[in-house]
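Going down the list, the protein sequences come from chains A and B. According to our numbering, the residues represented by the first sequence are 1 to 105, in order. According to our numbering, the residues represented by the second sequence are 1001 to 1105, in order.
Some hints could be false.
Capping the alpha-carbon separation at 25 Å, the derived lysine-lysine pairs in BS3-like fashion look like this [as the list claims (entries may be wrong)]: (1) 1041(B) - 97(A); (2) 59(A) - 1041(B); (3) 1067(B) - 79(A); (4) 41(A) - 3(A); (5) 1041(B) - 79(A); (6) 88(A) - 1069(B); (7) 79(A) - 69(A); (8) 3(A) - 1069(B); (9) 67(A) - 88(A); (10) 1069(B) - 1041(B); (11) 1067(B) - 3(A); (12) 1031(B) - 88(A); (13) 1069(B) - 79(A); (14) 82(A) - 1057(B); (15) 1097(B) - 1069(B); (16) 69(A) - 14(A); (17) 82(A) - 1079(B); (18) 1097(B) - 67(A); (19) 1031(B) - 1003(B); (20) 1059(B) - 88(A); (21) 1031(B) - 1097(B).
No lab work stands behind these hints, which were simulated from the structure alone.
2 protein chains.
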Amino acid sequence: MSKRLFELHAEMCKVFSNPVRLEMLNILRDKQWSVTDLVSKTDLSQANVSQHLSIMKAKGIVLSTRKGKHVYYRIANPKIIKAFDLIKEALAETLNKQRYCKARG
Amino acid sequence: MSKRLFELHAEMCKVFSNPVRLEMLNILRDKQWSVTDLVSKTDLSQANVSQHLSIMKAKGIVLSTRKGKHVYYRIANPKIIKAFDLIKEALAETLNKQRYCKARG
DNA sequence: ATAACATATTAGTGTATTCTAATATGATTA
DNA sequence: TAATCATATTAGAATACACTAATATGTTAT
């Protein structure tokens, strides 16, 4: 695997390294939502939601379609959500192990 | 899903958002290696390898065992590698799509 | 055309990351 | 116990990120 590919891979993962974007991806996991929807479903400013969507779109993680006044965003590839869930599971297992070790001393 | 969980999830993903760490994880995918091994398999300084390993260990992504002079590192959870591969696949598909669109104009 | 709504962009500040160089700690061998 | 090998830690400079505030652009309805 080439250095360039690791860089692209890292750039893609950088998108997941922000809690706000993870929250947005989690909202978008089942259906598309407009920017307005996403603003009201989170406690973020409109500018901030727009910026995060723009970052995710630039990396090909979400796609958008305009319908009248609204622009709807959706996840580009279901593998994104699979990876999201796998990492969440790994996290849960890590936390459980840490709790277990702490309990045992 | 709580805000705190998204933060932890993001912190875990932050580990994957650096090309050097991805390269190291890819080296560690099948078996454990010592710090010295990792230094010679990459073109990184010993200090830098050690720092990256320390970051990954703190997030529970790798585990370590000392054997004499050497400290061996391994991946803590196979789901990490599954997620790694899924994201790589999503990246490949995104790049293909972009090439396709560019070719078609 | 203008007003109102929806979304995107820009500038700027505070904070976090990454690397190198130097040094410290830990373990083994002579 | 020195000397040596292996690994970890620290400080500091350069760079990248995330947010707010202000403003611009795009779309529909009056």
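Structure-based check of all given hints:
In summary, the hint linking residue 1041(B) to residue 97(A) is not supported, as the alpha carbons are separated by about 31 Å, beyond the 25 Å threshold. Of the supplied pair hints, the one linking residue 59(A) and residue 1041(B) is violated, its CA atoms being roughly 29 Å apart against a limit of 25 Å. Restraint check: the Cα-Cα separation between residue 1067(B) and residue 79(A) comes to about 38 Å, which exceeds 25 Å; the hinted pair is violated. Restraint check for residue 41(A) and residue 3(A): not satisfied, since their Cα atoms lie roughly 39 Å apart, outside the 25 Å limit.
Proposed proximity of residue 1041(B) and residue 79(A) is contradicted: the alpha carbons are some 30 Å apart, above 25 Å. A threshold of 25 Å between alpha carbons decides the hint, and for residue 88(A) with residue 1069(B) the separation of about 35 Å lies outside it, so the pair is violated. The straight-line distance between the Cα atoms of residue 79(A) and residue 69(A) is roughly 30 Å, outside the 25 Å bound, and the hint therefore fails. A hinted pair counts as satisfied when its Cα atoms are at most 25 Å apart, and residue 3(A) with residue 1069(B) does not qualify at roughly 30 Å.
Under the criterion of a C-alpha separation no larger than 25 Å, the hint pairing residue 67(A) with residue 88(A) is inconsistent with the structure, at around 33 Å. Taking the CA atoms of residue 1069(B) and residue 1041(B), the gap is about 19 Å. The hint holds against a cut of 25 Å. Of the pairs offered as hints, the one joining residue 1067(B) and residue 3(A) is violated, with about 31 Å between alpha carbons and a cut-off of 25 Å exceeded. Simply put, residue 1031(B) and residue 88(A) have alpha-carbon atoms about 23 Å apart, close enough for the 25 Å limit, and the pair holds.
Our distance criterion of 25 Å between C-alpha atoms is broken by residue 1069(B) and residue 79(A), whose separation comes to about 41 Å. Our distance criterion of 25 Å between C-alpha atoms is met by residue 82(A) and residue 1057(B), whose separation comes to about 24 Å. A threshold of 25 Å between alpha carbons decides the hint, and for residue 1097(B) with residue 1069(B) the separation of about 49 Å lies outside it, so the pair is violated. Among the hinted pairs, residue 69(A) with residue 14(A) is inconsistent with the structure: their alpha-carbon atoms are about 30 Å apart, more than 25 Å.
For the suggested pair residue 82(A) and residue 1079(B), the alpha carbons sit about 11 Å apart, so the restraint of at most 25 Å is met. Proximity of residue 1097(B) to residue 67(A) is assessed by CA-CA distance (about 23 Å); at most 25 Å being required, the pair is judged to hold. For the suggested pair residue 1031(B) and residue 1003(B), the alpha carbons sit about 35 Å apart, so the restraint of at most 25 Å is broken. Only pairs whose Cα atoms come within 25 Å are accepted, and residue 1059(B) paired with residue 88(A) is accepted, the gap being roughly 13 Å.
Proposed proximity of residue 1031(B) and residue 1097(B) is contradicted: the alpha carbons are some 34 Å apart, above 25 Å.
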